[in-house]
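Residue strings, one per chain:
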Amino acid sequence: MIRIVFKIDLGKCIAVVPKREDVKGSHVQDLNETFKHFLLRRKGICPVERHRKVVGFQNFVRLLPWWNLNDFTKYFENEKKKAPSYLCVTGSIEKPIRFTIYLVKKTEKAFKRKHEWTLSSLKEANFRSKESPDFELQLEKSYQWVATSVEEKTSFFSLLHQICSRLHRPPKFLNYQAEEVDESERANIAIVSVPKDGQIIESDEEDFGLTEREEVDLEKVLGRAENAVVNAEAFMEQLAKELSILDGENIHSIMESETQVNALMDSIDLSIGALEEIESELQDYEDSVVQVKNAVEKIEEENSQMGTASRNNQLLLAELTNLIETLDFPAASSVVNADLNTPQGIQKATQAVYSLKDALTLEENIHPALLRMQAVVDQKRRLEKYKNKFSLNLTSHLAKLFTHYGNFSSLDSVSSIQGFRLPPLLPMHKELSPYTQLSGWLKAMDFESFTSLVKTYTTSIQKIYDKNVKALFEEARNRISGSSSASSKIVTESTGDLRIRGRYFGKTRVLANRDGDTESQGSGEGSVDSSERQHFYDVLEQLLEGLEPAVNSEENFITSFFHITDASSTPTATSPSKNVGGGEIRRLMTIMFESIETELVSFLTHYEKLESSFCMGAMVRLGNHALKPENTSTYIGMIFGSVLVQEKRSFDRLMNSYVQIINDSRLVRKAKPGILAFVTDFEDFASMSETIFGGSVRRSDLEKWYVRMLTAIFDGINRLSNEGNKTPGEVIRMENFHRLHAILSKLKVPALDQQKRDAKTKYNEALNAYVTKYFGRPLVKLNEFFEGVQGRVSQGVKESEIGYQMAFSRAELKRVIKEYPAKEVKKGLDALYKKVDKHLSEEENLLQVVWRAMQEEFIVQYKSIESLIGRCYPGAKITLEFTIDDILLFFSEIAQSH
Amino acid sequence: MPVLPVRKGGVSLLIEIFLLRSGGSDRQTLVRSTGDRFYFRILGSGGVGKSALTVQFVQGIFVEKYDPTIEDSYRKQVEVDGQQCMLEILDTAGTEQFTAMRDLYMKNGQGFVLVYSITAQSTFNDLQDLREQILRVKDMDKVPMVLVGNKCDLEDERVVGKDQGSNLAHQFGCTFLETSAKAKINVNDIFYDLVKQINEISPQGKPKGNHRKRICALL
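Taken in order, these protein sequences are the chains called A and B.
For the first sequence, position 560 (counting from the first letter as 1) is numbered 560 according to UniProt numbering, and the numbering increases by one without interruption.
For the second sequence, position 97 (counting from the first letter as 1) is numbered 97 according to UniProt numbering, and the numbering increases by one without interruption.
Derived by calculation from the structure, the hints in this document are not laboratory data.
One thing to keep in mind: the hints can contain errors.
Said to hold, decoys possible - For lysine-lysine, the following DSSO-like pairs were computed, each having C-alpha atoms within a straight-line distance of at most 27 Å:
| no. | chain 1 | residue 1 | chain 2 | residue 2 |
| --- | --- | --- | --- | --- |
| 1 | A | Lys-818 | A | Lys-756 |
| 2 | A | Lys-838 | A | Lys-748 |
| 3 | A | Lys-726 | A | Lys-773 |
| 4 | B | Lys-162 | A | Lys-748 |
| 5 | B | Lys-65 | A | Lys-628 |
| 6 | B | Lys-65 | A | Lys-756 |
| 7 | B | Lys-65 | A | Lys-746 |
| 8 | A | Lys-826 | A | Lys-756 |
Stated by the list, open to error - Covered stretches of chain A (in silico footprint by chain B; criterion: 3 or more residues with CB under 8 Å from a CB of chain B, positions within the stretch not fixed):
| no. | region |
| --- | --- |
| 9 | 800 to 812 |
| 10 | 855 to 869 |
Just so you know, even glycine gets a beta-carbon here, dropped at the ideal spot from N, CA and C.
Just need the whole structure built from these sequences, with the hints factored in.
Following this line, the structure appears as structure tokens:
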């Protein structure tokens, strides 16, 4: 660009038609000069000044190459009629870029703009053919032009096409093949700057007047040729001549200025040389700088490498330190030669082996690659060796200890039972406890040895416990039999009544035996008195209490000593044990205490065979122990639980047998059945049960059976009361329900209130039925007489008219009344009393009650007869031959006389 | 202890605790699978309402008071699909002390009711192990079983979602019921469903030769 401006400055050209070499230089120059003036002069600005501004990059108009359509030379020289025309395209550099096509005409003096079109109005450009220079542009109408040459046309189209391709809506190009624009051609695009407002060339109509100077010049020229008008031809020739002269002079002056140009060129060359020198010097500096830069870069690189190396070294050092620290094991000797007999030795050994454990396990923190290092492998092997050695020592030492304890303790087991409890092996636990950590170490490091060690422990210790447990149960048996012999003496010395009272449903059982039931034979002899029973329960209680602490302490000990952390060993209270098959603890405990359950079961079975009701107390006692909250998850709690279930079953069986006995019972063949055996038995049973169960948690189990037993008793009483041949059923029911009510009232069990009420009702019903039935009608004829009266009345006979009927006349009434004098009545009552006395048993002693009920019944009858007499025989003044006072007297006399 | 309003006469017919005259403790083994006798086991953690469900079913009453059961057996005659069935129901202890007895219960049981309380997550969680134990003891892949989420009247205290229960039942391949012994919801369905499950496995073809009725039915 600079070069172009430079060229303009020199006035060489404004626009260049580069390939127009054939155009004659003078014409070109002339044309260019003129066109330049045309463009610039009108702005009134000195071209040189303007062009300086170009360098300032203002308001460009890109002046594109312009073409003469008809070789103006040709016109100039041959036709001279027509002024040549030029077609050119300009574009504003300012945005938005606007392209304009100008048709410019050359006149003699200046260029005239004939037409202008915006490029966007170009609709179609027809190239026609490569052979002919003619072409067609479709603007507002179709224009057909002929270019001076084909090349020019091609060049114009190439440019036009180039420009148009940038348009939003490019025009159609017909018959034209776009070509790559020649670089040189583009370079030759001239640029001329015009003032801002000059981007559109003003139209020729309004302006293009001559400047003053030109006017003067023109006038001068015209003045010189006065004949011009006359002889235009001559004038023109003269002008042409002058023009050629001027041309020559112009060329001449250009030639003259060549020296100046050369000087200028020389100075330029000189300055170029100087510049080159400077450049080379700069190059030198640059070279040195580059060298320095390289050096610096190299240093930097080395630095970072050194940093990496040092970091690596540090890491390696750390890694190795870690490795050595982990694997280093200075206490080797204390492990190998550990003294496991003294507490200090144990403590030292514990510390040592735990650091050994750290060394062996921390190895996992070391990078796996390092583990392949020979030194590491060796050290590991060494440590393993220590470990194995120590584990062997420890195992054998502990095993020795266990066996020792096992043998030693079992020797003096007899004395160890003192205090009637299973002795906990506290001393042993205490002595072993220092080894706890070592055992934990063993578990972590050598599980196999640990397992065998546990086995050794359990088998050795099991012997002790086995022996102790057996001894304890033996002792329990001794205590029971010892005292029972003592108490049986008491029994024989004191009344035999106790024996009977201790037997539950025994009498009925004897009856059942008669029916061929041999099953209950065992309990038949079980006439155990209550003190013996109590003694048995006391011994059982002591036994259970005696078992608990030892088993619990052993469980705690092995849990901590063998570091058993079963989830199942600490379950929540509500959850049943997770370990269905028994966790590790349970397994070990079972090995050691197997005998407890079997011994306990056989112990209870033995005594329950002697007296089956023992299971009741056993159930309560076992329940108390098994259901203690602290026993929820202990082994002993579980043992107790299992035995408890068995006791519950025995209890249910026993209760069921009682119910069965009640259901099977028959009436005793004697005059007065009195209180049925099972009723008294129930009383005994209830009082015993109450002492056993009391406020125990298992009461509900008993109460369920109370209910069922009472149901059976109610049924039994009703059933048996119908079987009595001599004694009326009412009496049996009355007496037994009375007794039952008394029993239940004494028992005060809220759960049995309903039964109590039922008994009361049934008793009353029976009493009433009995009195009604047996008191009967001591005044039979009177009763019959008044029944007749009653009958008539209900048939509709008026009460006052009864006396007029034959059968019920006053005389008749008097006759009947006469049959019952006071003496007679008393005799009748006497006989009744004797009969009642015969019916009723002495046990229940209801005679007075019945007698009184009868007295009341008699009075009721008396009163009803009297009121009937009063109503049916008013005014007859007929009364019975005895008064209420007489009745009362008779009753009390009879009662007292017996 | 609430009063058990047992009607006399009826009680011995229905809820007689049975025993063998011979007194053998292994009564179940003697009278196993005699066609219309069904041996059910109620299992589950402590306090979930096993006894309440059983008593509600057998006696039709709700036992309010909580007494940890040791073991209770009940019997009830029911008619399912026209078939007379004698249900021998063993209500077991849920508390942990009695775990050692479970193997025995399971061995002699035909149908199992696994009970949890919808108000206690732990009781629900315990059932997985319980079921595994049953399958192990019975040495079977599938055992007639009903999963029961009890106390469904206590919706406010619910911790175990119904979907949790049905998912577990799906996993077990068994029936799932949410019940309430108190409100008498779904109680009978438990036992009827079990009868149907057992009948599906072994239809009524009763082995006649096996009628060793050593049981003394006390009526």
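Right, here's what the structure says about each hint:
1. Lys-818/A to Lys-756/A: Violated: Lys-818/A and Lys-756/A sit about 48 Å apart, past 27 Å.
2. Lys-838/A to Lys-748/A: Violated, at about 33 Å.
3. Lys-726/A to Lys-773/A: holds (15 Å)
4. Lys-162/B to Lys-748/A: violated (45 Å)
5. Lys-65/B to Lys-628/A: holds (19 Å)
6. Lys-65/B to Lys-756/A: The given pair, whose Cα atoms are some 22 Å apart, holds under the 27 Å limit.
7. Lys-65/B to Lys-746/A: holds (25 Å)
8. Lys-826/A to Lys-756/A: Between Lys-826/A and Lys-756/A the Cα gap is close to 38 Å, so the pair fails against 27 Å, i.e. violated.
9. 800 to 812: violated (count 0)
10. 855 to 869: violated (count 0)
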